[in-house]
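Participant: Listed below, chain by chain, are the residues.
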Amino acid sequence: MKNLLKYIVSRVLLTIPMLFILLSLVFVVLRVMPGDPVSAMLGDHAPAHVIREKQLELGLDKPIFVQYLNYLGQIARFDLGESMVYKQRVVDTMKDKLPATVELTVIAMIFTLLIGIPLGAFAASKRRSARDFGIRLYGNIVYCIPVYWMGLMLQLLFGIFLNWLPIAGRTSARTFVTDFARSNFYIIDTIVAGNWAALGDVLIHIFLPSLTLGITLSGVFLRLTRANMLDTLKSDYVLAARARGIPEKHVVYRHALKNAFIPILTMLGLQFATLLAGAILTESTFSWPGIGRLLLERIYLRDYPVIQGVIVVYALLVSLISMLVDIIYAFIDPRVKY
Amino acid sequence: MTSETETGKVQAKPEPILQIKKLCIDYPIAIGTVQAVRDVSIDLYDGEALGLVGESGCGKSTLGLAILDLVREPGKIASGEILYHGRDILKMPKAEVLALRGQGVAMVFQNPLTSLNPLMKIKDHFLETIQQHKPDILKKDALRMTAELLEELGIDKKRMDDYPHQLSGGMRQRIMIALGLIMNPDIIIADEPTTSLDVIVEAGFVDLLNRLRMKFELSIILITHNLGLVAEIADRIVVMYGGKIMEEGTAEMIFHRPYHPYTAGLINCVPNIDVDQAKLTTMAGSPPDLVHPPKGCRFQPRCPKALERCAVEEPQLLTYRDGRRAACWLYPEEF
Numbered sequence: 001m002k003n004l005l006k007y008i009v010s011r012v013l014l015t016i017p018m019l020f021i022l023l024s025l026v027f028v029v030l031r032v033m034p035g036d037p038v039s040a041m042l043g044d045h046a047p048a049h050v051i052r053e054k055q056l057e058l059g060l061d062k063p064i065f066v067q068y069l070n071y072l073g074q075i076a077r078f079d080l081g082e083s084m085v086y087k088q089r090v091v092d093t094m095k096d097k098l099p100a101t102v103e104l105t106v107i108a109m110i111f112t113l114l115i116g117i118p119l120g121a122f123a124a125s126k127r128r129s130a131r132d133f134g135i136r137l138y139g140n141i142v143y144c145i146p147v148y149w150m151g152l153m154l155q156l157l158f159g160i161f162l163n164w165l166p167i168a169g170r171t172s173a174r175t176f177v178t179d180f181a182r183s184n185f186y187i188i189d190t191i192v193a194g195n196w197a198a199l200g201d202v203l204i205h206i207f208l209p210s211l212t213l214g215i216t217l218s219g220v221f222l223r224l225t226r227a228n229m230l231d232t233l234k235s236d237y238v239l240a241a242r243a244r245g246i247p248e249k250h251v252v253y254r255h256a257l258k259n260a261f262i263p264i265l266t267m268l269g270l271q272f273a274t275l276l277a278g279a280i281l282t283e284s285t286f287s288w289p290g291i292g293r294l295l296l297e298r299i300y301l302r303d304y305p306v307i308q309g310v311i312v313v314y315a316l317l318v319s320l321i322s323m324l325v326d327i328i329y330a331f332i333d334p335r336v337k338y
Numbered sequence: 001m002t003s004e005t006e007t008g009k010v011q012a013k014p015e016p017i018l019q020i021k022k023l024c025i026d027y028p029i030a031i032g033t034v035q036a037v038r039d040v041s042i043d044l045y046d047g048e049a050l051g052l053v054g055e056s057g058c059g060k061s062t063l064g065l066a067i068l069d070l071v072r073e074p075g076k077i078a079s080g081e082i083l084y085h086g087r088d089i090l091k092m093p094k095a096e097v098l099a100l101r102g103q104g105v106a107m108v109f110q111n112p113l114t115s116l117n118p119l120m121k122i123k124d125h126f127l128e129t130i131q132q133h134k135p136d137i138l139k140k141d142a143l144r145m146t147a148e149l150l151e152e153l154g155i156d157k158k159r160m161d162d163y164p165h166q167l168s169g170g171m172r173q174r175i176m177i178a179l180g181l182i183m184n185p186d187i188i189i190a191d192e193p194t195t196s197l198d199v200i201v202e203a204g205f206v207d208l209l210n211r212l213r214m215k216f217e218l219s220i221i222l223i224t225h226n227l228g229l230v231a232e233i234a235d236r237i238v239v240m241y242g243g244k245i246m247e248e249g250t251a252e253m254i255f256h257r258p259y260h261p262y263t264a265g266l267i268n269c270v271p272n273i274d275v276d277q278a279k280l281t282t283m284a285g286s287p288p289d290l291v292h293p294p295k296g297c298r299f300q301p302r303c304p305k306a307l308e309r310c311a312v313e314e315p316q317l318l319t320y321r322d323g324r325r326a327a328c329w330l331y332p333e334e335f
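As given, the protein sequences belong to chains A and B, one line each in that order.
Counted from 1, the first sequence has number 289 at position 289 by this note's numbering; the numbering is strictly sequential.
Counted from 1, the second sequence has number 60 at position 60 by this note's numbering; the numbering is strictly sequential.
FYI, nobody ran anything at the bench for these hints, they're computed from the structure.
Do not take every clue at face value.
Result set (SDA-like, lysine to any residue): computed pairs, CA atoms no more than 20 Å apart in a straight line [claimed, not checked]:
| # | chain 1 | residue 1 | chain 2 | residue 2 |
| --- | --- | --- | --- | --- |
| 1 | A | K126 | B | K123 |
| 2 | B | K121 | A | D333 |
| 3 | A | K234 | B | N111 |
| 4 | B | K123 | A | F331 |
| 5 | A | K87 | A | L56 |
| 6 | A | K249 | B | D69 |
| 7 | B | K134 | A | H250 |
| 8 | B | K94 | A | V252 |
| 9 | A | K249 | B | E73 |
| 10 | A | K337 | A | L317 |
| 11 | B | K121 | A | V252 |
| 12 | B | K123 | A | N184 |
| 13 | B | K22 | B | L70 |
| 14 | B | K215 | B | N111 |
| 15 | A | K95 | A | R182 |
| 16 | B | K295 | B | E313 |
| 17 | B | K94 | B | M120 |
| 18 | B | K121 | A | A330 |
| 19 | B | K123 | A | L296 |
| 20 | A | K249 | A | A330 |
| 21 | B | K134 | B | N184 |
| 22 | A | K54 | A | Y68 |
| 23 | A | K249 | B | P135 |
| 24 | A | K249 | B | P118 |
| 25 | B | K76 | A | V238 |
| 26 | A | K234 | A | I264 |
| 27 | B | K76 | A | S322 |
| 28 | B | K121 | A | V336 |
| 29 | B | K139 | A | H250 |
| 30 | A | K337 | B | M120 |
| 31 | B | K157 | B | L181 |
| 32 | B | K305 | B | I273 |
| 33 | A | K258 | B | H165 |
| 34 | B | K21 | B | G75 |
| 35 | A | K249 | B | K157 |
| 36 | A | K126 | B | P332 |
| 37 | B | K295 | B | W329 |
| 38 | A | K62 | A | F27 |
| 39 | A | K249 | B | Q103 |
| 40 | B | K139 | A | K87 |
In this text the structure is predicted, and so the values were computed from the model without any measurement.
Using the sequences plus the hints, can you model the full thing?
Facilitator: Structure representation (structure tokens):
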């Protein structure tokens with residue numbers, strides 16, 4: 001346990017240089033990019049003195065290097081600064097949006113795993129059959145489909161033709177968020193408040209966007225699970241288990257799948273970044289009020305501090321997940337020790 | 001064992017507990033069909049230790065797996081019967097085959113390092129097996145049974161809580177044997193059980209197997225290319241080449257008076273410590289292509305004593321006066 005703590009501390013320390021490099025890149029790229037917050041806000045025809053005043057106010061008149069050092073100093077004090085467009089702290093803009101994104105991606109990951117792993121395992125156990133072929137075809141197709149197109153099609157099917165599910169937002173207009181919202185993780189909040197009607201509403205709203213995101217990524221996990229299962233099904237301990245009279249069902253799911261799960265877990269950590277990227281598009285398709293949509297909005301406005309802040313949060317999320325994955329390893333695989 | 005008289009005439013021979021009859025196993029591959037096992041018939045009697053020897057790829061491991069109906073994909077048992085106490089394993093309902101595996105016939109595999117599930121504790125391997133075959137046994141009784149058996153094999157019962165990677169190769173081999181014995185099978189098939197062990201551990205393994213054989217009244221099928229190992233354990237030896245039986249007889253016959261040139265060649269390849277040799281003896285040529293097996297006798301292209309006839313006609317497996325069987329034109333029926 002002491003080693004585990006040491007490991008966590010070293011991982012946390014390692015994220016510092018990573019964040020530094022990432023922020024430096026983003027800082028430079030944003031300022032090299034055409035356009036700036038002042039012209040985005042005032043338009044091209046504003047009088048020169050108004051533009052000048054605004055630049056002074058935002059500190060954009062200073063040399064870029066000074067701006068950079070100021071920003072780093074701010075970050076070192078755990079301060080993400082203030083939006084350049086709205087009078088709002090960056091942390092406050094993200095406060096209710098980050099939980100929306102986390103909720104979306106976590107549920108999407110659950111869909112991905114629920115679809116990808118059993119299908120992959122089943123395909124492997126029925127190798128070369130028509131069912132195996134069908135499952136692999138599904139995997140390839142969903143992998144190729146862009147997430148926003150998939151989102152539109154599912155909206156059309158479930159939202160318009162069948163009229164089963166809502167296609168936008170986190171709640172319907174008749175659900176009063178203020179009744180339960182505390183942490184802004186609506187699923188948790190509604191459960192804590194015991195507001196079951198609101199929970200139902202929240203769940204049917206999250207269903208379609210997270211399913212969309214989950215399906216597009218399930219292809220990767222399906223293929224990975226299938227490939228790993230084919231390996232583990234050929235292993236000696238699987239043959240030995242069969243020779244002891246263990247039924248095929250247990251051999252496949254207890255022996256082979258559990259061993260195949262280790263590389264899948266690695267992939268899960270890595271694919272989380274893909275999932276967040278997919279979430280940006282999904283949030284736009286489903287008008288989901290998350291940080292992905294916030295990021296897009298603020299890129300149009302060239303709201304530098306918010307863009308940088310959101311990217312910091314993304315980076316922290318990804319490294320947090322990969323750290324969690326490493327810790328989970330130790331619980332699944334007895335050969336891994338910290 | 002068997003009550004054979006000097007002349008080889010059989011007097012009220014007991015029923016074999018395992019009878020393999022005319023077994024053929026095929027592996028369909030892209031360029032044709034590999035005839036991995038052809039027309040193999042073997043009887044195994046109660047309490048007997050049978051050695052199955054031959055080079056790599058002669059079909060001996062496939063044959064071992066076939067007894068549990070576990071031939072690896074895409075291999076298929078093309079024809080033949082495998083009778084366990086008179087009942088054909090290949091025609092049994094699935095549930096009965098599952099019950100037979102481990103309980104009637106157990107298998108100890110080549111590589112003890114990879115034959116245990118790395119994510120499962122030692123005791124869970126045993127619990128899983130016991131509860132599969134005898135669901136009524138309480139967990140604590142199952143654990144006690146396991147502990148007793150492990151102690152019997154010289155493994156501290158505390159090791160039950162370990163994972164496979166925490167144990168040495170020799171220990172894992174003994175655990176594989178214990179896993180084989182836990183349901184009290186009457187036949188143990190040991191497939192190259194010592195290949196991944198060093199010689200000292202191997203010697204210990206031989207003693208252990210001989211001791212267990214007496215104690216648990218086991219019949220053993222020992223599959224190996226290691227003639228030294230067969231010599232120390234087996235009563236009777238079957239020599240296979242290219243998926244076919246070349247010769248079969250008691251250990252004494254095979255080692256001291258081999259008929260078949262292949263058997264003689266195999267024995268010749270065992271280095272002798274008393275002879276000063278600079279080079280190890282090897283057998284010329286390589287195992288046959290089993291997609292297109294040689295015409296006539298399968299060993300004929302490599303045989304130092306091959307006759308013209310050998311390349312044309314395949315010799316039948318004949319039973320000779322001393323009780324052995326051999327498939328070779330050098331020995332006429334009355335020999």
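Participant: Which constraints among the numbered hints does this structure fail? Numbers only, ascending.
Facilitator: Those not satisfied are hints 1, 10, 12, 14, 17, 19, 20, 27, 32, 35, 36, 40.
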